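J.: The primary structure of each chain is shown beneath.
Number of protein chains: 4
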Amino acid sequence: MKRIGVFTSGGDAPGMNACVRAVVRAGVYHGLEVYGIMRGYSGMIKGEFVRMDSASVSNTVQRGGTILKSARSQKFMTKEGRQQAFDQLVNAGIEGLIAIGGNGTFTGASIFEHEFGIPTVGAPGTIDNDLYGTDYTIGYDTAVNTALEAIDKIRDTADSHDRCFFVEVMGRDSGYIAIPCAIGGGAEIVMVPETAMSVEAVIETLQNSWTRSKTSFIVIVAEGEEEGNVHNVAKRVKEAIPQLDTRVTIVGHIQRGGSPTAADRLLASQLGIAAVEGLMNGMKNVMAGIVDRKLMYTPFDDTINKRKVINQSFMRMVEILSV
Amino acid sequence: MKRIGVFTSGGDAPGMNACVRAVVRAGVYHGLEVYGIMRGYSGMIKGEFVRMDSASVSNTVQRGGTILKSARSQKFMTKEGRQQAFDQLVNAGIEGLIAIGGNGTFTGASIFEHEFGIPTVGAPGTIDNDLYGTDYTIGYDTAVNTALEAIDKIRDTADSHDRCFFVEVMGRDSGYIAIPCAIGGGAEIVMVPETAMSVEAVIETLQNSWTRSKTSFIVIVAEGEEEGNVHNVAKRVKEAIPQLDTRVTIVGHIQRGGSPTAADRLLASQLGIAAVEGLMNGMKNVMAGIVDRKLMYTPFDDTINKRKVINQSFMRMVEILSV
Amino acid sequence: MKRIGVFTSGGDAPGMNACVRAVVRAGVYHGLEVYGIMRGYSGMIKGEFVRMDSASVSNTVQRGGTILKSARSQKFMTKEGRQQAFDQLVNAGIEGLIAIGGNGTFTGASIFEHEFGIPTVGAPGTIDNDLYGTDYTIGYDTAVNTALEAIDKIRDTADSHDRCFFVEVMGRDSGYIAIPCAIGGGAEIVMVPETAMSVEAVIETLQNSWTRSKTSFIVIVAEGEEEGNVHNVAKRVKEAIPQLDTRVTIVGHIQRGGSPTAADRLLASQLGIAAVEGLMNGMKNVMAGIVDRKLMYTPFDDTINKRKVINQSFMRMVEILSV
Amino acid sequence: MKRIGVFTSGGDAPGMNACVRAVVRAGVYHGLEVYGIMRGYSGMIKGEFVRMDSASVSNTVQRGGTILKSARSQKFMTKEGRQQAFDQLVNAGIEGLIAIGGNGTFTGASIFEHEFGIPTVGAPGTIDNDLYGTDYTIGYDTAVNTALEAIDKIRDTADSHDRCFFVEVMGRDSGYIAIPCAIGGGAEIVMVPETAMSVEAVIETLQNSWTRSKTSFIVIVAEGEEEGNVHNVAKRVKEAIPQLDTRVTIVGHIQRGGSPTAADRLLASQLGIAAVEGLMNGMKNVMAGIVDRKLMYTPFDDTINKRKVINQSFMRMVEILSV
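These protein sequence lines are chains P, G, W and B, in that order. Residue numbering for the first sequence follows full-length UniProt numbering, starting at 1 and increasing by one per position. Residue numbering for the second sequence follows full-length UniProt numbering, starting at 1 and increasing by one per position. Residue numbering for the third sequence follows full-length UniProt numbering, starting at 1 and increasing by one per position. Residue numbering for the fourth sequence follows full-length UniProt numbering, starting at 1 and increasing by one per position.
Simulated from the structure, these hints should not be mistaken for laboratory data. Model, not experiment: these values are computed from the prediction. A few of these clues could be false.
For chains that are exact copies, the list does not tell them apart, and a pair is met inside one copy or across any two.
[Said to hold, decoys possible] DSSO-like mimics (lysine-lysine), calculated; alpha carbons at most 30 Å apart, straight line: (1) K79 x K294; (2) K46 x K308; (3) K214 x K46; (4) K284 x K2; (5) K294 x K238; (6) K294 x K306; (7) K308 x K238; (8) K214 x K306; (9) K214 x K308; (10) K75 x K238; (11) K294 x K214; (12) K75 x K235; (13) K2 x K306; (14) K235 x K294; (15) K2 x K235; (16) K284 x K214; (17) K46 x K294; (18) K306 x K238; (19) K214 x K238; (20) K308 x K294; (21) K284 x K235; (22) K75 x K214.
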């Protein structure tokens with residue numbers, strides 16, 4: 001293999017640039033030519049390729065977002081679109097791909113490889129941490145810290161006014177972001193998809209605490225929470241406990257941005273190098289990940305179909321710590 | 001004067017603790033006894049007074065929120081409530097007050113003084129910076145920096161995905177927070193109450209930029225904006241320019257919390273000391289402020305009735321800088 | 001067991017308060033009485049015990065330093081001192097101890113238990129991450145992020161002036177802090193005790209890079225580095241390559257302070273709870289730790305005598321990433 | 001005037017990029033061609049000119065350092081060097097200059113104009129805030145906040161261990177950085193060139209506080225302090241009060257880096273625009289500044305020869321607040 005391409009795809013995540021940098025530098029180190037593919041599969045179809053050398057990723061390790069940009073591509077979901085992508089890659093002499101993204105990205109890469117034989121090795125780039133095959137995804141640690149800093153600020157005002165704040169954090173269908181935010185943010189309650197806590201239970205817990213003369217509260221609500229969105233939860237609580245001074249905050253898209261933490265830079269660097277070396281060693285349709293501090297390559301089939309289970313003991317911790 | 005009380009009232013603001021600390025230490029320095037009054041007028045009515053010495057404000061200068069807590073008091077709006085407050089103060093021997101808050105707070109203090117003769121000197125504690133008689137209010141600089149950090153993170157993801165973000169920042173009826181956020185955050189457009197920019201004008205500007213192949217945008221919307229809330233603005237823009245990938249973020253209550261900036265700690269310290277020294281010198285119904293780097297005491301009547309005008313040249317800067 | 005004591009000892013670390021909070025809340029949750037022992041063994045000897053309830057640790061999870069304070073105690077190294085400590089504990093009815101600290105702390109606890117039979121369970125509180133029996137110590141993640149933020153700022157000025165900065169980070173006798181700082185901070189070289197890189201090798205690497213027209217450099221030096229301190233390293237490099245514009249920065253004690261990261265708050269919370277539950281289950285002379293995401297109790301003998309080895313692949317990463 | 005050049009010179013300061021961006025965008029707005037001159041006078045002599053359009057400064061407003069780089073030039077101090085610079089400018093058709101820097105930069109620009117008639121308008125870019133003609137310099141607010149964040153972290157560890165920290169902050173020959181750090185950082189003492197406080201006075205103050213059972217202290221020392229450097233001060237204090245557990249921290253070069261604060265971005269934007277508009281209006285040998293919130297152009301002769309005096313009341317505040 002002489003020439004490889006690297007792209008970012010799906011929702012952006014802090015550390016994607018650190019991963020791109022690692023891919024480029026590892027490529028250079030091993031004598032490969034590396035091309036950046038702009039805007040994921042969309043740019044692949046259009047042939048938006050940029051030659052990258054060591055200097056092209058200088059001073060990017062600390063930057064949020066992705067210098068390669070990201071986009072969703074309807075066209076790549078069609079055979080015709082993938083044919084165009086293949087033609088562009090062949091034309092540019094690109095023989096293998098590094099995909100930084102999540103399961104949507106890997107599904108596309110897998111189909112593409114089966115049809116056209118271009119191998120892809122993936123790196124897990126998503127703030128949601130919901131990928132099987134790695135303990136942590138690139139961007140997750142930063143997103144949690146960003147959310148936690150927001151919660152720290154909210155606690156200042158919650159305490160000052162004896163208020164009850166309902167704070168929505170990201171995380172798609174899992175509580176991976178919500179739970180450490182609850183534990184580290186001193187929240188009384190955390191509502192995550194995994195436990196399907198009812199609003200009634202939330203009300204009961206708040207009422208009990210109120211009786212014990214606790215007067216300010218933080219309730220963390222994961223965005224994928226089944227009981228409906230954070231505004232509905234707050235509304236129903238207010239109806240049940242009118243004396244509570246309730247407020248809602250949605251941390252939102254700021255969780256996707258910002259300079260990556262040390263852990264995310266380290267992970268992104270490890271996995272970027274590992275992805276290149278995996279590709280050089282003939283791997284395909286696998287994602288590089290770290291499991292129990294060891295490098296692992298997990299088939300895309302598994303990252304897509306298997307579900308990573310959240311540590312149940314964390315739920316118990318929220319209960320103990322809010323005693 | 002031998003014994004004074006200090007309280008925080010209205011919305012909390014970063015730097016309130018630094019101001020309380022300055023009041024306490026200046027009081028001690030000048031041989032006064034200082035009492036903290038909990039929860040503003042509400043605690044005054046209930047006699048929630050706490051003796052404060054120098055050590056009681058150690059390690060508070062950097063803390064967000066207010067250790068004296070804040071609350072709104074319906075009761076203080078009644079003569080009966082104010083009578084109770086007066087009785088409590090007399091009972092505790094408190095002869096003068098330092099009020100850290102905004103115009104609602106000062107209005108109450110003014111009425112109270114006219115009725116019962118207890119003098120109050122105010123310090124401007126609000127993130128909104130909408131008080132006549134001081135160039136900056138305590139908490140404003142921190143709130144702007146907090147909002148700007150959020151916008152920096154949002155720009156990462158806006159750029160990565162070629163999106164148009166509508167970001168709502170606080171500020172009640174003025175653009176004081178929104179404008180530096182727009183200038184410092186590299187926003188293309190800022191919608192503030194002062195200029196009453198129409199959504200049509202926003203659409204036109206975005207369309208022009210889009211034609212010039214600019215693909216990611218940030219529009220800052222002040223919360224008091226007349227054209228309706230940020231969700232409505234985003235919706236109307238999306239209808240007019242369907243190819244724009246729009247998103248909404250409300251920075252929200254995190255702007256009230258967090259450790260105060262250097263400028264806010266300095267201002268809070270200056271005005272806390274000035275308020276005590278003003279009270280000692282027989283002042284009442286005035287707010288300590290800094291105008292053109294000079295200490296000024298402005299009558300509550302003026303802080304309440306006069307309107308501080310925003311620098312018009314700042315609006316022009318947004319236009320120039322987004323060229 | 002009815003009554004337990006908790007103390008922090010040795011160098012302070014961010015997250016110690018989160019751990020104390022977890023100990024107190026877990027104690028309350030399980031029906032124990034918890035006493036805070038001020039200033040480590042020094043306060044134990046003097047009987048500086050403070051009853052702690054749930055509210056006493058409110059709003060501490062995010063605070064740096066330790067509310068229980070820390071101190072070194074020469075006296076506890078004597079039999080007489082330990083006898084006094086034992087008398088104080090017996091007098092106060094304290095039957096078991098939670099020690100948050102490092103190997104010095106655990107050595108003392110171990111001797112104390114052998115002599116007087118008071119059981120101690122430890123939690124690893126040190127920024128150095130040099131404790132066998134846990135993948136990460138409480139405070140390590142925060143210290144790395146603090147150092148990295150400093151390095152990010154230094155890179156701004158290094159790049160602007162084409163300078164070579166030598167940055168000393170903490171870490172006693174290991175490169176645990178230095179290595180992620182080098183990887184995440186985009187450093188060209190890292191000097192750590194584990195590899196004993198010579199100054200000659202540093203000079204050679206810098207000369208090679210210089211020839212390749214690289215003009216700004218960051219060299220991370222671990223404080224325990226054998227080749228002597230960072231000033232000497234910088235001086236010898238400057239003598240060898242006079243055209244380099246060299247500067248030295250020592251990150252220093254700021255690495256010990258600051259609000260703990262999400263990872264440190266989570267770890268501190270887990271281990272605080274685990275320490276209490278271990279003690280309740282009859283354990284003694286063990287440290288609670290997390291190894292490969294699983295809770296482990298490791299005998300003090302092992303934490304003291306066994307050496308945790310740094311991941312060698314990280315050294316190779318620095319080489320690849322600075323290509 | 002059709003074509004102008006912009007450069008940064010002297011020590012780098014946060015906000016320089018925001019200022020360059022404002023210069024470029026204001027130039028574009030007013031129909032000028034703008035060239036970036038790399039590495040200050042050094043690049044001017046070598047003709048390192050880069051055409052800048054609006055997009056070339058996208059996403060730079062928040063970045064520390066300077067994208068135009070900075071360097072000292074011995075050669076520009078010679079007539080021959082300046083002749084070469086003039087030839088390069090004439091060759092490139094550059095008719096006017098915007099210099100972002102301090103008095104060294106302005107002195108050079110002034111001589112250059114007298115000899116060769118190329119007009120320069122300056123913007124004050126230095127963290128030291130020691131320039132007459134503007135209340136604040138670009139970078140000052142950020143540097144103070146960076147130092148203050150370091151001091152906040154140090155206070156955590158100072159309090160935990162009952163230590164006395166001597167913290168050196170930057171500021172050349174003035175206390176502009178040191179004083180707000182002392183007020184905002186809760187320091188007991190501040191040593192600045194302006195007051196020439198003796199080490200004996202420091203010792204006396206610390207001894208008095210120690211007697212009042214205060215046990216942890218922060219002493220801020222400005223780098224230009226006459227009594228010698230921070231290590232000497234600490235050493236002499238330790239000799240006089242051996243029971244003090246003293247430590248030294250030098251905040252150092254991190255004060256030059258980092259993302260600029262809101263205030264610095266706003267100031268940099270205002271002055272960048274003002275500098276361009278001044279140049280267009282025929283000004284030369286003047287620095288744009290903000291005095292009492294109003295735009296002012298001050299002759300280089302005055303910025304160089306007049307001394308801005310620090311607010312004496314701030315010194316008194318340190319005394320009151322550490323009571």
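J.: With reference to the structure, classify each hint as holding or not holding.
T.: Results for each hint:
1. Taking identical chains as interchangeable, the C-alpha atoms of K79 and K294 are never at most 30 Å apart, the minima being 37 Å within one chain and 45 Å between chains.
2. Taking CA atoms no more than 30 Å apart as the test, K46 paired with K308 passes in neither setting, with 35 Å inside one copy and 50 Å between copies.
3. Taking identical chains as interchangeable, the C-alpha atoms of K214 and K46 lie at most 30 Å apart only when they sit on different chains, with a minimum of 19 Å there against 59 Å within one chain.
4. With identical chains, the CA atoms of K284 and K2 are at most 30 Å apart within one copy only, with a shortest distance of 16 Å there and 57 Å across copies.
5. Proximity of K294 and K238 under a CA criterion of 30 Å is satisfied in neither setting, with 48 Å inside one chain copy and 40 Å between copies.
6. In this assembly of identical chains, K294 and K306 lie within 30 Å of each other by CA distance both inside one copy and across copies; the values are 19 Å within and 21 Å between.
7. Proximity of K308 and K238 under a CA criterion of 30 Å is satisfied in neither setting, with 35 Å inside one chain copy and 37 Å between copies.
8. Taking identical chains as interchangeable, the C-alpha atoms of K214 and K306 are never at most 30 Å apart, the minima being 42 Å within one chain and 41 Å between chains.
9. In this assembly of identical chains, K214 and K308 lie within 30 Å of each other by CA distance neither inside one copy nor across copies; the values are 36 Å within and 40 Å between.
10. When the C-alpha separation of K75 and K238 is checked against a cutoff of 30 Å, the pair qualifies only between copies, where the shortest distance is 23 Å, while the shortest distance within a copy is 46 Å.
11. With identical chains, the CA atoms of K294 and K214 are never at most 30 Å apart, being 44 Å at best within one copy and 34 Å at best between copies.
12. Taking the shortest Cα distances, K75 and K235 sit within 30 Å of each other only across copies (26 Å), while inside one copy they are farther apart (42 Å).
13. For the identical chains of this complex, K2 and K306 are neighbours neither inside a copy (33 Å) nor across copies (45 Å), given an alpha-carbon limit of 30 Å.
14. Taking identical chains as interchangeable, the C-alpha atoms of K235 and K294 are never at most 30 Å apart, the minima being 46 Å within one chain and 39 Å between chains.
15. In the homo-oligomer, the alpha carbons of K2 and K235 never lie at most 30 Å apart, since the shortest distance is 59 Å inside one protomer and 42 Å across protomers.
16. Proximity of K284 to K214 under the C-alpha cut-off of 30 Å is found in neither arrangement, the shortest distances being 55 Å within a copy and 35 Å between copies.
17. For the homomeric pair K46 and K294, neither the shortest alpha-carbon distance inside one copy (37 Å) nor that between copies (47 Å) is at most 30 Å.
18. When the C-alpha separation of K306 and K238 is checked against a cutoff of 30 Å, the pair qualifies neither within a copy, at 39 Å, nor between copies, at 37 Å.
19. Taking identical chains as interchangeable, the C-alpha atoms of K214 and K238 lie at most 30 Å apart only when both belong to the same chain, with a minimum of 16 Å there against 44 Å between chains.
20. Taking the closest pair of Cα atoms, K308 and K294 come within 30 Å of each other both inside a single copy (17 Å) and across two copies (16 Å).
21. Taking the shortest Cα distances, K284 and K235 never come within 30 Å of each other, neither inside one copy (50 Å) nor across copies (43 Å).
22. With identical chains, the CA atoms of K75 and K214 are at most 30 Å apart between copies only, with a shortest distance of 23 Å across copies and 55 Å within one.
Violated hints, in rising order: 1, 2, 5, 7, 8, 9, 11, 13, 14, 15, 16, 17, 18 and 21; the structure is consistent with all others.
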